[in-house]
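Residues in the sequence shown are numbered from 43 upward in steps of one, following the working numbering.
Everything labelled a hint here was simulated from the structure, so no lab data went into it. Relax, there's no trap hidden among the hints.
Think about it this way: if two alpha-carbon atoms lie no more than 25 Å apart in a straight line, the pair counts; the simulated PhoX-like pairs of lysine-lysine are:
# : residue 1 : residue 2
1 : Lys441    : Lys413
2 : Lys441    : Lys410
3 : Lys441    : Lys406
4 : Lys119    : Lys68
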Amino acid sequence: MPDVNRAAPRLGRSYSLLLVGVDHHKADLALRERASYASDEAEDVLVQLLTRPEIAEAALLSTCNRTELYLRWHEEKTALQTALGTVFAPRAPELVEEGRYYVCHGEEAVHHLLSVASGTESMVLGEPEILGQVRQAGGLAKSIGTTGAFLDQLFRSAALTGRRVRGETSIGTGAVSLGSAVVELAANIFNGLDGRRALLLGAGDAARLMAHALTDRGLGSIVVTNRSEDRLKAFVDSIPGLQPAPWTERLRLSAESDLIAVATGAQQPILGRSELASVMRRRQSRPLLIADLAVPRNVDPAAADIDNLFLHPIDSLQGLIQRNLEQRRREVARVQEIVDEEVTRFTQWYRSLDAEPIVAALQKRAEKIRKHELENALGRFPAELHDDLERLTRSLVRKILHHPSTTLRSGSADSNLAELDVARRLFHLGEDLDSDD
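Throw the hints in and build the complete structure from the sequences for me.
So, in structure tokens, the structure goes:
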């Protein structure tokens with residue numbers, strides 16, 4: 043367990059913010075599943091946390107790859123113990139006992155959440171789903187009242203960072219799974235997938251991933267066939283929108299399809315070259331994409347020389363995935379720049395909260411001086427000039443205070459405390475921030 047008996051970092055670094063989490067780097071899937079929370083469960087545990095006096099705000103991000111609790115605390119040591127005892131230990135005691143969780147404080151926690159929303163902390167680099175999950179986590183906590191201004195702004199900053207990353211970099215482009223790689227190839231070959239038909243030969247795990255990839259892209263016609271009718275029925279029943287077909291119809295269906303994904307447990311090809319040549323003759327030269335996802339291969343490699351038949355074995359697809367992953371890795375440095383910029387922007391927002399009472403007192407002091415001097419001077423000017431003098435003096439004060447007010451609101455974490463103290467002394471702003479002494 044980390045040392046929680048230390049003093050909180052200085053203002054601007056701490057934010058009284060604590061992150062406690064577990065992810066795919068620290069725990070296997072079985073353990074992560076036990077530590078995960080559905081939205082109704084998250085709502086219950088967040089409400090429970092807010093009954094504790096040491097906790098001011100709370101939000102919970104829970105996905106298949108991570109469960110992370112973000113807390114704004116009144117008392118840090120007790121808040122960490124409460125987080126572990128309320129969120130993690132009841133679900134998976136060994137997470138706490140074996141130290142498989144991680145803890146981040148202050149600005150480090152801000153940086154982490156913004157990186158998560160950007161996709162750089164995901165199991166699959168740049169995966170897009172996490173941004174929506176971050177939005178949902180922040181929205182849920184806000185809707186049930188367990189966040190305040192701080193965590194609301196933090197999750198808005200995370201969402202903004204994720205949008206910037208996806209708009210300004212290519213970290214989310216290119217297929218990085220077998221299913222998405224096949225879909226990407228099909229979209230390129232057919233110039234889109236509208237009106238295209240797919241055939242899945244097999245009902246195992248690879249076929250399941252392929253079915254999800256196709257349904258996610260909105261493909262309307264997906265036919266599945268398998269030797270075992272019982273397994274076929276269970277497969278089709280588990281994924282809405284699939285159409286079952288007899289195994290004996292596979293060649294006819296092949297001729298009617300644009301994309302075929304083959305993933306059976308057969309130890310030899312189930313689609314030979316001569317059979318596929320016959321299929322292509324029936325297609326009258328219309329292109330056909332075949333993705334052979336099986337090991338050993340289920341499609342005769344010799345079929346690759348048939349005109350307009352695009353055969354991609356699993357090695358070819360893995361090569362495409364690796365090229366896309368490398369492209370994503372090249373984007374990480376730019377993503378990190380964006381994250382750093384948004385962390386700085388968040389810090390400036392937080393600094394502005396510290397500065398607002400002093401800026402308000404400074405403006406109040408200046409306005410009081412302006413009014414006093416103007417009242418003393420108006421008697422020496424014609425009445426028709428009084429409105430002009432009012433506008434002139436207001437404009438002068440506004441312009442004089444603009445730069446110091448902006449500087450105080452946007453001061454860096456290292457300089458802000460000193461700048462606020464200088465402002466107090468320069469303008470004789472007492473402890474009550476609006477002294478006229």
